[in-house]
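In the order they appear, the protein sequences are chains A and B.
Residue numbering for the first sequence follows this note's numbering, beginning at 2 and increasing consecutively.
Residue numbering for the second sequence follows this note's numbering, beginning at 197 and increasing consecutively.
Quick caveat, the hints were computed from the structure, so don't treat them as lab data.
Fair warning: there could be bad hints in the mix.
[To be verified] SDA-like mimics (lysine to any residue), calculated; alpha carbons at most 25 Å apart, straight line:
1) B:Lys406 x B:Lys298
2) B:Lys257 x B:Gly425
3) B:Lys321 x B:Gly280
4) B:Lys401 x A:Gly118
5) B:Lys401 x A:Pro29
6) B:Lys401 x A:Gly58
7) B:Lys321 x A:Asn132
8) B:Lys401 x A:Cys20
9) B:Lys367 x B:Ala441
10) B:Lys406 x A:Ala19
11) B:Lys406 x B:Trp429
12) B:Lys321 x A:Val84
13) B:Lys401 x A:Asn139
14) B:Lys298 x B:Ala359
[What the hints assert, rightly or not] From the structure, some residues in chain B lie toward chain A, with a derived Cβ separation under 10 Å:
15) Ser233
16) Leu274
17) Pro275
18) Tyr312
Beta carbons are placed, not taken as given, at the ideal position from N, Cα and C, and that holds for glycine.
Letter by letter, the chains look like this.
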Amino acid sequence: MKRIAFWATIAGAAALAACADFSSPADPTGGLPDVLIAHPSLATDIQPLFTARCAQGGCHTPASARAGLVLSTGQSWSHLVNVASLHGAPMMRVLPGDHTNSYLWAVIQPDDALHPGLPRMPLAAQPLTTNQIQNIVNWITDGAPDN
Amino acid sequence: MGYYSALMIFAPDGAPQPASPWTVDLTANLGYVPPLSYDQRTAGRDKPESTNLTPVFGYPKVTLWLPYHIGVEAAYTLPFTVNGATPSIYSFAAEVLAATDKGWQLVPRVTYTGGYVEGPITCNKSLSTSSNPDWVFYWNTVCNAQESADRFEPNQWTLELNASGSSAKGKVLPFLNIGVVKYQSTFDIRVQNGTGIDTDHPILKMSATKGYGTAGATWILSPLFRLGGALFWAPGSVFTGRVSATLRLNAK
Chain A
2 MKRIAFWATI AGAAALAACA DFSSPADPTG GLPDVLIAHP SLATDIQPLF TARCAQGGCH
62 TPASARAGLV LSTGQSWSHL VNVASLHGAP MMRVLPGDHT NSYLWAVIQP DDALHPGLPR
122 MPLAAQPLTT NQIQNIVNWI TDGAPDN
Chain B
197 MGYYSALMIF APDGAPQPAS PWTVDLTANL GYVPPLSYDQ RTAGRDKPES TNLTPVFGYP
257 KVTLWLPYHI GVEAAYTLPF TVNGATPSIY SFAAEVLAAT DKGWQLVPRV TYTGGYVEGP
317 ITCNKSLSTS SNPDWVFYWN TVCNAQESAD RFEPNQWTLE LNASGSSAKG KVLPFLNIGV
377 VKYQSTFDIR VQNGTGIDTD HPILKMSATK GYGTAGATWI LSPLFRLGGA LFWAPGSVFT
437 GRVSATLRLN AK
């Protein structure tokens, strides 16, 4: 009987101690460089953001194209620049030279008032960093070139 | 992925009991699946994944002893659906009594675990009733208001060395097992649309080699029946406990 009690105690202690032996630290950069770039290039500075944070399965890929928007390499510029926004009408998705009238800029802001009826993007994920958002602003301010 | 892969490592459930050729052991094995915290379930995102679908993982196992104290094992986790998750996991192992000395024995062992677990991890209906409007939006848009049929495939090999007391030593036999596992696991995010699985589904892959250990004891209640209990630790993945009951058939 003592032996049973001993092993029952061991089993109980093991159950209490059982745990997942890892942590899931949030990476606010999304694994991307987090540096401010005065004159960012679409191909080298902005597209990697779109690819890693937006053009993922079920979202803004050619197959899913949520809100009719594709942000995959080679398609993002034509889907963004001077294209009317579906949710943010009458705003353009990107209005070259004017980020405050570009819905892309609005929808990545934490302030819900800037994108009423639509959650902040990236959806259900860490927000873009301040530098990453500013790089998008700088790209738009530079005229949103396809460079 | 590392957490679930580690939980499915086909580690020994007790001190090996090599027997005369053609002896068969039938074992029922049950392991505890510790729940993940909110932070662990978010995995760097805001939306928590629905990973706490089952508190236990188990399987029946058959061991056939061959000449030269070689044992071969096969196990299968039956496809019973628990909280929407359905497993179909199978494992094989081969072991051999390599050395015995002064009541102790050494048994190297190789295993393979394959199959899959399917369940609504990415898109779980609980999102639709969340108090967070972003998750409700996620359910309605990304999930198409349908539970996902995500599929996790462990696909892993292990190589182990088991040191234990032999049956000549007594009725309670301690054992210690160390091993390395080669993971080649995949997690297929299968969101459903109106016509089936969305073709636009990313597949996450994990390829890694890691160590793990098991320590416990086997309690021999009779020549035909024994119980086992073990603590299992895969550093960086999980620490948990497992129990087993083994019935020996046609013992000579």
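So, going through the hints one by one against the coordinates:
Restraint check for Lys406 (chain B) and Lys298 (chain B): not satisfied, since their Cα atoms lie roughly 32 Å apart, outside the 25 Å limit. Our distance criterion of 25 Å between C-alpha atoms is met by Lys257 (chain B) and Gly425 (chain B), whose separation comes to about 15 Å. In summary, the hint linking Lys321 (chain B) to Gly280 (chain B) is supported, as the alpha carbons are separated by about 10 Å, within the 25 Å threshold. Straight-line distance between C-alpha atoms of Lys401 (chain B) and Gly118 (chain A) comes to about 35 Å, which puts the hinted pair past the 25 Å bound.
The straight-line distance between the Cα atoms of Lys401 (chain B) and Pro29 (chain A) is roughly 22 Å, inside the 25 Å bound, and the hint therefore holds. Between Lys401 (chain B) and Gly58 (chain A) the CA atoms are separated by roughly 15 Å; this keeps the pair inside 25 Å, and the hint holds. For the given pair, Lys321 (chain B) sits about 35 Å from Asn132 (chain A) by alpha-carbon distance, which is inconsistent with the 25 Å threshold. Of the pairs offered as hints, the one joining Lys401 (chain B) and Cys20 (chain A) holds, with about 24 Å between alpha carbons and a cut-off of 25 Å not exceeded.
Note on Lys367 (chain B) and Ala441 (chain B): the hinted pairing holds, with a Cα-Cα distance of about 15 Å set against a maximum of 25 Å. For the suggested pair Lys406 (chain B) and Ala19 (chain A), the alpha carbons sit about 19 Å apart, so the restraint of at most 25 Å is met. A C-alpha spacing of about 11 Å is found between Lys406 (chain B) and Trp429 (chain B), which places the hinted pair at or below 25 Å, so the restraint holds. For the suggested pair Lys321 (chain B) and Val84 (chain A), the alpha carbons sit about 34 Å apart, so the restraint of at most 25 Å is broken.
For the hint linking Lys401 (chain B) to Asn139 (chain A), the alpha-carbon distance of about 35 Å lies beyond 25 Å, and the restraint is violated. Simply put, Lys298 (chain B) and Ala359 (chain B) have alpha-carbon atoms about 12 Å apart, close enough for the 25 Å limit, and the pair holds. Below 10 Å, beta-carbon pairs count as interface contacts, and Ser233 (chain B) has one with chain A at about 7 Å; its hint therefore holds. Hint status for Leu274 (chain B) relative to chain A: violated, with the closest Cβ pair at about 23 Å, above 10 Å.
Interface restraint check for Pro275 (chain B): the shortest CB-CB distance to chain A comes to about 25 Å, outside 10 Å, so the restraint is violated. Against a cut-off of 10 Å between C-beta atoms, the interface hint on Tyr312 (chain B) is violated, since the closest Cβ of chain A lies about 19 Å away.
Consistency note: the structure conflicts with the earlier hints numbered 1, 4, 7, 12, 13, 16, 17, 18.
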